[in-house]
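Trainee: These are the residues of each chain, in order.
There are 4 protein chains.
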Amino acid sequence: MNKVPFKGVIAYPITPFDKDEKVDIYLFRKLLERLVVSGSHGIAPLGSTGVLPYLTDEEKEAITEATIQQVAGRVPTLVGVSNLTTEKTIHHAKFAENAGADAVMIIPMSYWQLTDDEIVAHYDAVASKISIPIMAYNNPATSGVDMSPALLKRLLEIPNVTMIKESSGDIQRMHYLRKELGENVAFYNGSNPLALAAFVAGANGWCTAAPNLIPELNVDLYNAVQNNDLENAQNLFYKQIDLLKFIVAKGLPRAIKAGLHILGEDGGQLRSPLKPLSSQESSELKEILSTITDKVYQS
Amino acid sequence: MNKVPFKGVIAYPITPFDKDEKVDIYLFRKLLERLVVSGSHGIAPLGSTGVLPYLTDEEKEAITEATIQQVAGRVPTLVGVSNLTTEKTIHHAKFAENAGADAVMIIPMSYWQLTDDEIVAHYDAVASKISIPIMAYNNPATSGVDMSPALLKRLLEIPNVTMIKESSGDIQRMHYLRKELGENVAFYNGSNPLALAAFVAGANGWCTAAPNLIPELNVDLYNAVQNNDLENAQNLFYKQIDLLKFIVAKGLPRAIKAGLHILGEDGGQLRSPLKPLSSQESSELKEILSTITDKVYQS
Amino acid sequence: MNKVPFKGVIAYPITPFDKDEKVDIYLFRKLLERLVVSGSHGIAPLGSTGVLPYLTDEEKEAITEATIQQVAGRVPTLVGVSNLTTEKTIHHAKFAENAGADAVMIIPMSYWQLTDDEIVAHYDAVASKISIPIMAYNNPATSGVDMSPALLKRLLEIPNVTMIKESSGDIQRMHYLRKELGENVAFYNGSNPLALAAFVAGANGWCTAAPNLIPELNVDLYNAVQNNDLENAQNLFYKQIDLLKFIVAKGLPRAIKAGLHILGEDGGQLRSPLKPLSSQESSELKEILSTITDKVYQS
Amino acid sequence: MNKVPFKGVIAYPITPFDKDEKVDIYLFRKLLERLVVSGSHGIAPLGSTGVLPYLTDEEKEAITEATIQQVAGRVPTLVGVSNLTTEKTIHHAKFAENAGADAVMIIPMSYWQLTDDEIVAHYDAVASKISIPIMAYNNPATSGVDMSPALLKRLLEIPNVTMIKESSGDIQRMHYLRKELGENVAFYNGSNPLALAAFVAGANGWCTAAPNLIPELNVDLYNAVQNNDLENAQNLFYKQIDLLKFIVAKGLPRAIKAGLHILGEDGGQLRSPLKPLSSQESSELKEILSTITDKVYQS
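Residue numbers (the working numbering), protein chains in the order written: chain H, 2 to 300; chain W, 2 to 300; chain R, 2 to 300; chain D, 2 to 300.
Hints are all accurate, no fakes.
Copies of one chain are not kept apart here, so a pair can be met inside one copy or by any two copies together.
Each computed DSSO-like pair below joins lysine-lysine, with the alpha-carbon atoms no more than 27 Å apart:
hint: 1; residue 1: Lys89; residue 2: Lys130
hint: 2; residue 1: Lys23; residue 2: Lys95
hint: 3; residue 1: Lys8; residue 2: Lys240
hint: 4; residue 1: Lys130; residue 2: Lys23
Since the hints were derived computationally from the structure, they do not count as laboratory data.
Work the whole structure out from these sequences, hints included.
Mentor: See below:
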């Protein structure tokens with residue numbers, strides 16, 4: 002088993018729905034294929050972008066199986082299995098492992114603010130039931146809980162919790178992870194507008210939905226930093242930052258779906274209560290994409 | 002139909018679990034009975050206190066039916082039916098109406114931050130499918146979205162959205178609701194430490210889990226304000242404030258369960274990842290309860 | 002010496018400037034007289050409303066002397082003597098005592114965030130140099146430091162620190178002060194929109210600039226609470242709340258000056274960089290005052 | 002006149018006091034000389050580090066003159082002239098220009114939250130009275146006002162406002178400045194823990210008190226980024242980050258004075274209410290410095 006199977010750009014697919022708001026698995030596989038062939042270094046279904054919390058258990062399982070089949074080992078897969086209860090999290094983690102996932106991502110969802118001990122016990126309970134590695138994910142904006150660096154350190158003591166994804170948007174957290182936990186800890190950036198700063202701070206990878214729209218720019222940024230080419234990295238980053246900020250500000254599922262439409266790709270429907278971007282927001286996105294790609298879009 | 006069926010103290014039962022973390026319906030009914038006979042003016046199952054989001058659909062339905070049967074019309078019932086997706090919210094709202102609930106409470110749960118338009122459409126979709134009144138519930142700490150007074154005003158334009166529950170903890174919100182929406186809008190306080198200030202500001206009722214532990218003090222506070230007896234209200238409030246702050250700070254399900262145990266009542270188990278209070282926290286709670294009731298507790 | 006010389010409505014005069022932005026002492030005395038004769042229970046020059054930090058030492062001394070002379074013992078006076086350095090704070094505190102002030106108010110101004118020990122030493126150093134009582138003032142929005150209830154408790158151990166003014170806008174702070182420090186601690190509310198809730202929570206007084214514009218409503222609210230007439234207090238509060246919120250939102254010196262002009266009184270000029278309200282803001286204020294007083298204003 | 006006279010490391014001296022808390026100009030010049038000879042690219046007296054707001058007008062003028070004389074043109078000087086009132090800010094800006102400063106730094110100090118229009122008028126009034134360039138400084142933590150990127154854009158339209166110093170600690174602000182205002186806008190980082198990320202984002206310089214303690218590491222980091230040597234920059238940054246975080250967390254004047262003492266240099270006294278670090282804090286600082294310099298310190 003590879004304990005840290007990811008580096009570079011880890012792409013997050015959306016979960017598309019049909020006109021009756023049912024999951025469209027066929028379209029999902031098509032969108033997944035685009036991510037693989039356009040150079041992403043890993044694939045992460047059932048993340049925030051994939052509206053994990055809005056799906057039924059059966060839908061999550063279908064997405065998981067479709068991902069493993071479609072990716073077919075070309076790049077490693079990271080399956081989101083987060084759930085409010087420990088029991089359900091275990092259920093989905095085991096399902097992902099059995100289906101062939103390379104790793105699972107777990108965010109400590111919380112309705113009631115969890116204590117540090119509850120969070121550790123939660124990860125521990127899941128970790129004891131599977132053998133594949135776990136990426137612990139900190140994103141206070143969606144989970145409602147902000148795991149302190151000290152807590153992340155505790156989680157890393159659990160044998161198969163081997164990776165940290167930080168989406169709090171604070172570059173100091175990454176400085177801390179690198180400084181306190183040593184060069185060998187694998188941490189990943191989940192905050193799109195921090196892409197450059199995080200790679201420079203030593204992040205192993207970038208967890209992002211952006212490859213649905215601008216895969217080359219994402220991968221080129223990673224390569225520029227790898228090649229120690231700071232000037233090029235800076236230019237590549239400033240070329241894509243407006244898009245990175247836009248998709249975060251508008252909500253990834255809404256923004257990616259609208260962007261796919263602009264690029265001439267079918268992104269399916271959203272599930273209520275989520276609604277499409279307004280026409281003004283779509284126009285703004287079209288302009289950002291036009292500036293980046295130097296193309297004029299009709300739709 | 003009574004469009005505003007609640008006033009006074011609306012009590013929130015916990016959802017107790019057995020040692021296998023299954024819902025214990027028998028114990029739930031027993032705890033419910035305590036709330037009714039101790040003078041609460043309304044009963045609200047499946048709230049935050051009742052760990053709604055940690056339950057399966059079947060468990061929610063069982064709790065709903067058990068509540069209607071046990072309360073048996075002695076006081077009005079307010080059933081929580083919130084869900085991340087609109088479809089599921091409609092499902093549970095219809096179930097509650099069919100089961101005989103007097104009203105439903107809906108908080109706009111959000112993983113992805115919802116826009117105002119999405120929230121309005123969400124309530125509108127549910128409201129159009131049921132006939133009983135809806136209490137719209139604002140609690141940024143648990144839902145992740147803070148509904149502005151302007152948005153609450155829009156929600157009140159939906160015919161059967163007739164009540165607002167405010168738990169943001171800011172007394173100015175209640176001043177705004179009373180001032181802007183007029184004396185006829187029914188607003189309820191969901192922030193325990195604001196109990197006195199909210200009643201004085203004109204709140205119709207107090208949504209609280211405290212009657213599980215100190216029902217008389219809760220009801221007496223309401224009566225003192227009703228009787229224009231400010232000095233007594235102040236004394237009653239200061240007598241219970243430490244408990245009100247404690248149960249909020251520690252998380253209502255954890256704190257109520259621990260408090261029931263101290264009072265010699267069985268509160269069942271919690272569902273993971275939630276864990277019991279530490280023994281130090283329980284001792285602190287025991288001291289608070291002893292000071293209030295002037296009794297010494299063994300457990 | 003009266004250790005707690007204040008209760009009820011403590012009025013804050015503005016410091017008016019002439020067209021060259023020099024302090025206009027003649028006009029200041031005129032505005033002060035209005036506050037005394039309209040029923041305020043105390044007068045507090047050189048507060049935030051009086052733009053204390055924008056004045057030179059000489060100007061502060063002139064204001065202090067003018068206040069004592071004009072008020073002439075009719076009501077007690079509370080002189081603001083806060084300064085960034087301990088040495089200057091002592092200087093002004095001694096000046097106020099010599100001039101005949103009944104008490105001084107001190108907020109721990111801070112450019113560099115002060116530690117609790119630094120704040121205690123600061124108050125202690127001043128207190129040891131004067132005999133009149135000190136009101137410790139907590140207002141994070143203007144001072145940049147939020148004194149915790151625990152720190153306020155420490156300050157109250159200094160013999161002549163006998164009063165607390167709380168302007169953090171959080172009613173829970175007042176609950177804490179009353180609950181933890183006992184019924185004998187004198188605490189005052191400095192947050193205008195909390196006026197009703199604070200009196201109900203047991204505040205001894207209300208420190209406010211509002212009597213420059215609506216003295217009767219302010220005093221009537223206090224009296225209603227004193228008379229245990231909750232319904233009347235509620236009505237009086239809701240009648241004035243829009244004004245209370247407006248003057249806080251726009252900045253007290255700007256708003257009071259504009260309000261005086263609307264009422265036909267000369268409020269003088271502001272000192273740069275402070276500028277008058279925009280004409281749209283003034284219109285808004287005129288409408289609020291018209292609604293309250295049932296009069297039409299020309300200016 | 003050079004409109005953008007600074008790049009690289011701009012060093013901030015502390016203002017030392019004698020045992021009577023009077024400014025010690027002789028010691029100040031000695032500390033200044035250390036900064037110049039150790040390679041700093043610019044010198045900025047009367048900043049936050051130099052406790053500007055705690056000084057009298059005469060003291061500020063003495064510091065200004067001493068700086069110009071001691072630096073003697075070896076590197077450019079940036080004199081802090083911020084004041085609450087516009088009139089005083091103009092006074093000190095003119096004094097600095099006459100004394101020979103290369104530029105002045107102005108932060109919009111505010112007791113009353115200033116409107117955007119008031120801030121623009123404040124800078125405009127000062128700018129019209131001097132010919133040397135102005136660095137506009139954004140630091141919400143000390144000034145109490147957070148200038149939005151849009152406001153900073155407006156300030157840059159004033160002819161001699163040619164530089165921006167950003168200390169809000171948010172790397173996105175620098176991305177915005179570079180992206181929206183173009184490559185030609187000179188922006189400087191004032192947040193020590195952002196040193197690496199800010200240089201990578203394109204900052205022209207780093208405004209910092211750290212050269213009082215570790216001048217070589219500061220300058221080497223700048224040079225590494227200039228030389229496009231990302232790996233070296235990362236190593237140099239992680240070597241100094243603990244010190245950078247410590248001096249910010251403890252307050253620059255307190256921490257620099259303690260650090261100088263550890264290094265065997267006299268940093269003088271602080272002015273009350275500021276007090277020295279506790280002995281425990283000093284020990285922590287000694288350990289950080291020992292780790293960085295690989296030396297053992299006695300004091």
